[in-house]
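Start from the sequences and build out the full structure, keeping to the hints where you can.
If you read the sequences in order, they're chains A and B.
For the first sequence, my numbering assigns the number 1 to the initial residue and increments by one for each residue that follows.
For the second sequence, my numbering assigns the number 290 to the initial residue and increments by one for each residue that follows.
It is worth saying that the hints were derived from the structure and are not from the lab.
For each residue, glycine too, the CB sits at the ideal point set by N, CA and C.
Check each hint, because a few of them may be wrong.
As the list claims (entries may be wrong) - Here are a few chain A residues that face chain B, going by a calculated C-beta distance under 8 Å:
#1 R45
#2 L49
#3 H53
#4 G190
#5 Y199
#6 D282
#7 Y283
#8 R285
Said to hold, decoys possible - FRET-style restraints, in silico, Cβ to Cβ:
#9 R499(B) / R281(A): 44 to 50 Å
#10 D405(B) / R198(A): 15 to 21 Å
#11 A324(B) / R281(A): 46 to 52 Å
#12 G15(A) / G400(B): 31 to 37 Å
#13 A311(B) / L111(A): 25 to 31 Å
#14 D113(A) / T533(B): 57 to 63 Å
#15 V313(B) / G192(A): 28 to 34 Å
#16 A130(A) / V301(B): 53 to 59 Å
#17 D113(A) / G297(B): 24 to 30 Å
Stated by the list, open to error - Now the stretches of chain B that chain A is said to cover, found in silico as 3 or more residues with beta-carbon under 8 Å:
#18 366-373
#19 476-485
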Amino acid sequence: MRARGAQPLLFGALGVLLLALAWELYKALGPAEGVVIGGTVLLPRTTELAMPHVWDSVARAFEPATGSAGELVVVAVARAAVQTLGTAAMGLVLGALVGVLLALVMQRFRLADRAMLPWLILSQTVPLIALAPLVVAWGGRLELGALQWERWMSVAVIASYLAFFPIAIGTLRGLRAPDQEHLDLFRAQGVGWWRTLRYLRLPAAVPQLLSSLRLGAATAIVGTVVAEVSTGARGGIGRLIVEYAQSGSSDPAKAWAPIAGAVVMGLVAAGIVALAGLALRDYRRAEAR
Amino acid sequence: MSAVEVSGVTKVFEVRSGRGAATVRALDDVSLTVAEGEFVALIGPSGCGKSTLMRLIADLDEPSSGDVRVFGMPARRARLERAYGIAFQQSGLLPWRTVRANVELPLQLHGAPAADRRARADELIELVGLTEFADRHPDQLSGGMQQRVAIARALAEHPRLLLMDEPFGALDEMTRERLQGELLRIRAETGAAVVFVTHSIPEAVFLADRVVVMSPRPGRITDTVAVERAPIAAGPADDAVRETDAFFRSVTAVREALHGREGAAPRGAEAR
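Shown next, in the form of structure tokens:
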């Protein structure tokens with residue numbers, strides 16, 4: 001049991017190590033000015049500025065962000081990551097609500113399925129960058145009693161706009177997963193749509209729901225980071241990526257810390273969904289076989 | 290009052306083929322009466338409409354014309370009033386529920402209190418001999434055990450009619466014979482009428498009071514064979530029943546009804 005649990009971790013660590021090795025290998029062997037053919041850069045430059053040593057980047061993460069005293073880079077990144085993760089979680093919850101609701105409507109009404117699906121697909125072709133200022137502008141005009149609309153809420157809305165799509169599609173597939181025999185059985189019991197949903201369709205949809213949540217969590221994080229950059233929201237990892245990249249010419253190793261932070265965030269999100277899957281393992285028995 | 294009364298039922302399916310739609314006459318002017326407590330087997334080659342007929346009785350499909358009544362009610366009302374229990378070829382158990390929870394399902398769907406549900410489920414699980422397995426999940430059971438759970442589930446609400454569509458079709462011969470014996474015992478205990486779809490002649494003869502023989506294209510009832518019962522008490526002597534002359538005579542009668550019809554089928558079709 002323990003050996004089986006440790007193996008994926010081992011392979012994961014091996015993968016990171018291989019990536020670092022490939023990075024250093026190219027840095028050592030590649031031409032300093034990269035490979036350029038006809039003005040197009042095919043392979044990147046290998047100068048300290050473009051590709052700092054892996055150990056330099058790691059070491060830089062454990063030095064103060066600015067000056068010689070003050071907050072370490074990793075602490076700053078961790079703090080930003082926590083905020084971004086919170087925003088992404090809000091976006092994911094919102095996206096999941098909308099996605100599951102859409103799936104339910106599309107399952108219930110064939111007409112809704114046919115009418116809405118093209119729009120859903122269309123919605124995902126709108127570039128996020130174009131959307132961000134609009135959402136911020138709309139949010140600024142909102143007045144919800146005592147609630148003050150804040151920048152991070154716009155970011156969460158944008159993240160949910162990305163996350164709802166895989167969840168809607170995945171859940172719809174899950175809701176349609178039950179065998180004809182199960183549907184016949186429920187019809188023979190003389191129960192209606194609601195009970196069939198509660199006792200058959202929803203439980204049967206759990207495996208699809210989980211895998212679409214995993215996808216949705218990843219897109220929510222990407223959406224949050226991109227939205228933080230394009231709305232200029234403060235305090236998140238998106239902001240940090242921009243800030244540290246701007247100091248890139250003098251401090252190239254620093255810029256990689258928030259990017260690594262974003263990757264770790266993705267892993268944490270996937271881990272949380274996996275935990276949910278563990279709690280729902282009875283509904284995934286068919287999957288395991 | 291009879292348990293099932295099918296009169297002049299025709300069922301036409303539209304089959305969409307490459308271009309245009311064709312129609313298939315799955316059932317053509319079929320009439321059948323099943324008395325209360327009677328065990329009727331429907332037998333015939335594939336495509337003869339035996340499963341379709343059962344689905345019409347269960348109101349899982351609607352007839353194109355004709356009338357289906359279950360305990361005097363229209364099929365739809367009978368379904369909504371849960372007048373029958375049903376079991377399919379695949380056990381149709383919900384994989385995320387334990388054996389007990391699967392048996393409880395019909396009761397839960399109809400809002401029975403949890404304590405009643407549990408008591409009834411335990412009673413039924415004992416009836417089908419799976420008490421030790423009550424907390425297992427279906428994937429931990431053999432095919433035969435899964436079918437027993439399905440039968441227990443079908444019995445959950447004390448139906449006076451059981452509809453069974455080849456419930457033992459996917460099982461090996463030995464498990465199959467054992468479950469046939471158990472089904473007869475359960476049926477003797479509950480006194481329910483049974484409509485049992487099968488394509489096995491010995492199975493039909495062993496189980497049924499009456500074997501209804503059907504033929505395909507279009508699906509029709511071609512013959513009815515009343516099964517001869519040897520003067521042996523049902524129960525542990527299942528194998529003895531299968532070896533009596535009466536059993537063999539009935540098997541022969543059903544076989545002839547099935548095969549004789551096949552030769553006559555083309556002429557029958559022309560006559561229409």
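Verification of the supplied hints:
no. : hint                          : in the structure
1   : R45                           : 55 Å, violated
2   : L49                           : 56 Å, violated
3   : H53                           : 51 Å, violated
4   : G190                          : 4 Å, holds
5   : Y199                          : 6 Å, holds
6   : D282                          : 5 Å, holds
7   : Y283                          : 4 Å, holds
8   : R285                          : 5 Å, holds
9   : R499(B) / R281(A): 44 to 50 Å : 48 Å, holds
10  : D405(B) / R198(A): 15 to 21 Å : 20 Å, holds
11  : A324(B) / R281(A): 46 to 52 Å : 48 Å, holds
12  : G15(A) / G400(B): 31 to 37 Å  : 53 Å, violated
13  : A311(B) / L111(A): 25 to 31 Å : 27 Å, holds
14  : D113(A) / T533(B): 57 to 63 Å : 59 Å, holds
15  : V313(B) / G192(A): 28 to 34 Å : 30 Å, holds
16  : A130(A) / V301(B): 53 to 59 Å : 55 Å, holds
17  : D113(A) / G297(B): 24 to 30 Å : 38 Å, violated
18  : 366-373                       : holds (count 5)
19  : 476-485                       : violated (count 0)
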